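Here's the letter readout for the chains.
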Amino acid sequence: MIVSLGLLLLCQLLGEALARGLDLPLPGPVLGMALLLVLLLLRERLSPVLPHEVGDGTLEKTGNGLLGHLSLMFIPAGVGVVQRLDLVMSHGLALFAALLVSTALALVASVATFRLIARLMGERG
Amino acid sequence: MNQSDFALWVYLSRTPLLWLTVTIFAYVLADRLSARVQRHPLANPVLHAVWMIGLVLSLTHTPYRTYFEGAQFVHFMLGPATVALAIPLYGHRRTVMRALVPMAGALLIGGTVALVSAVSIAKALGVPTDVLISLAPKSVTGGVAMGVAERAGGDPALTAVLVMITGVIGAIIVTPLMESLRIKDMRARGFAAGIAAHGIGTARAFQVDMMAGTFAGIGMGLNAMLTPVLVPVLLPWLLG
Numbered sequence: 001m002i003v004s005l006g007l008l009l010l011c012q013l014l015g016e017a018l019a020r021g022l023d024l025p026l027p028g029p030v031l032g033m034a035l036l037l038v039l040l041l042l043r044e045r046l047s048p049v050l051p052h053e054v055g056d057g058t059l060e061k062t063g064n065g066l067l068g069h070l071s072l073m074f075i076p077a078g079v080g081v082v083q084r085l086d087l088v089m090s091h092g093l094a095l096f097a098a099l100l101v102s103t104a105l106a107l108v109a110s111v112a113t114f115r116l117i118a119r120l121m122g123e124r125g
Numbered sequence: 001m002n003q004s005d006f007a008l009w010v011y012l013s014r015t016p017l018l019w020l021t022v023t024i025f026a027y028v029l030a031d032r033l034s035a036r037v038q039r040h041p042l043a044n045p046v047l048h049a050v051w052m053i054g055l056v057l058s059l060t061h062t063p064y065r066t067y068f069e070g071a072q073f074v075h076f077m078l079g080p081a082t083v084a085l086a087i088p089l090y091g092h093r094r095t096v097m098r099a100l101v102p103m104a105g106a107l108l109i110g111g112t113v114a115l116v117s118a119v120s121i122a123k124a125l126g127v128p129t130d131v132l133i134s135l136a137p138k139s140v141t142g143g144v145a146m147g148v149a150e151r152a153g154g155d156p157a158l159t160a161v162l163v164m165i166t167g168v169i170g171a172i173i174v175t176p177l178m179e180s181l182r183i184k185d186m187r188a189r190g191f192a193a194g195i196a197a198h199g200i201g202t203a204r205a206f207q208v209d210m211m212a213g214t215f216a217g218i219g220m221g222l223n224a225m226l227t228p229v230l231v232p233v234l235l236p237w238l239l240g
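These protein sequence lines are chains S and F, in that order. Using the numbering used here, you'd call the opening residue of the first sequence number 1 and step up by one each time. Using the numbering used here, you'd call the opening residue of the second sequence number 1 and step up by one each time.
Bear in mind the hints are in silico, worked out from the structure with no lab data behind them. From a predicted model like this one, the values you see are computed outputs, not experimental measurements. Misleading hints may appear alongside valid ones.
Derived SDA-like pairs: lysine to any residue, alpha-carbon spacing no greater than 20 Å straight-line [as the list claims (entries may be wrong)]:
1. S:Lys61 / S:Leu50
2. F:Lys123 / S:Ser90
3. F:Lys184 / S:Ile117
4. S:Lys61 / F:Leu78
5. F:Lys123 / S:Leu40
6. F:Lys123 / F:Asp155
7. F:Lys184 / F:Pro41
8. F:Lys123 / S:Met89
9. F:Lys123 / S:His91
10. S:Lys61 / S:Met89
11. S:Lys61 / F:Lys123
12. F:Lys123 / F:Leu238
13. S:Lys61 / S:Arg43
14. S:Lys61 / F:Met211
15. F:Lys184 / S:Leu105
16. F:Lys123 / S:Leu100
Okay, chain S solo, but in the shape it has when bound (with noise of 0.2 Å):
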């Protein structure tokens, strides 16, 4: 698990250090992400010089088991919100119409779309 944990860091810092060096308008994390994925992809052919928790299933276990918990890692910086919601205050209903009413028509228009091109590209259910 430390060692799986470790990787998933490593590839953040990697992230972070290409996304500074090169001046990317990506988030370190996300760059990140795509090393872990090129890695994952290519980890049949380096399997001689990788930690044996990246074939054993370890590192799966270890990633899904954050991603169970991603709620957690929202609750500091949504406490922070609880504490600004002055900020919202004097529009409040306005708001909370407009960010209510924009969610549900961005989810039905992403839906929608998928869905759409889905079927005609053929596909069924």
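Dock chain F against chain S, hints included.
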């Protein structure tokens, strides 16, 4: 409280340990509750943990800065968790590759609707221009949205609040909305959640279905690339 209790409190309240522990147990409590009611959308763990902690902080007169010294360790894990999105992405890579065209279309339409509808509705309701600018990137993940708002002349702190509220709204409404539309395709449902409600929508998607979570992560990532391009193009026209 007598003198020695008070001294203990003063000591504990200054170490990161106390607020880290409180954050984890507030989450465990909210998450157990959510599991107990079969992941009912209204039992959203982020929402309930946040108000519980907010209440404790206000009752103990603890400033957010003190709280964050402990909570930062949890906050920090967002980075490695984002990297870990590569793992389900790899696991479902064939399904993902087959869905590239539907995803591209849904991204363009969904990302545009998220931005245009929020600003037009708020404008029609009389919200002033400076607030509209901060509202525009509300469907995108926190750090990216704040950068977009700042470059467009908005208030990043206000954007952070609007982003968080959007995420919680999206996480609550996505399941009932998709059920009422009879959408069973977990790829499409997850992808929509990631586009409209970023990481909090993605966290919800992972609760519902692994495939939905995978596609939500992709939707979140792609909209974080699209919206920074859309805002400078569409915002002047929307405000005009």
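Verification of the hints:
Restraint check for S:Lys61 and S:Leu50: the C-alpha separation of about 17 Å stays at or below 20 Å, so the hint holds. This hinted pair checks out: F:Lys123 and S:Ser90 have alpha carbons roughly 14 Å apart, not beyond 20 Å. Between the alpha carbons of F:Lys184 and S:Ile117 the distance comes to roughly 15 Å, so the proposed pair stays at or under 20 Å and holds. Of the supplied pair hints, the one linking S:Lys61 and F:Leu78 holds, its CA atoms being roughly 17 Å apart against a limit of 20 Å.
Simply put, F:Lys123 and S:Leu40 have alpha-carbon atoms about 47 Å apart, too far for the 20 Å limit, and the pair is violated. With a C-alpha separation of about 17 Å, the suggested pair F:Lys123 and F:Asp155 falls inside the 20 Å cut-off, and the hint holds. A hinted pair counts as satisfied when its Cα atoms are at most 20 Å apart, and F:Lys184 with F:Pro41 qualifies at roughly 17 Å. Among the hinted pairs, F:Lys123 with S:Met89 is consistent with the structure: their alpha-carbon atoms are about 16 Å apart, no more than 20 Å.
With a C-alpha separation of about 11 Å, the suggested pairing of F:Lys123 with S:His91 holds against the 20 Å cut-off. As the CA atoms of S:Lys61 and S:Met89 are separated by approximately 43 Å, the hinted pair breaks the 20 Å bound. Restraint check for S:Lys61 and F:Lys123: the C-alpha separation of about 47 Å exceeds 20 Å, so the hint is violated. A threshold of 20 Å between alpha carbons decides the hint, and for F:Lys123 with F:Leu238 the separation of about 9 Å falls inside it, so the pair holds.
For the hint pairing S:Lys61 with S:Arg43, the CA-to-CA distance comes to about 16 Å; that is within 20 Å, so the pair holds. Of the supplied pair hints, the one linking S:Lys61 and F:Met211 holds, its CA atoms being roughly 16 Å apart against a limit of 20 Å. At roughly 18 Å between alpha-carbon atoms, F:Lys184 and S:Leu105 fall within 20 Å of each other, so this suggested pair holds. Between F:Lys123 and S:Leu100, the direct Cα distance comes to roughly 15 Å. Compliance with the 20 Å bound is thereby established for this hinted pair.
Checked against the numbered hints given earlier, the structure breaks hints 5, 10, 11 and satisfies all the rest.
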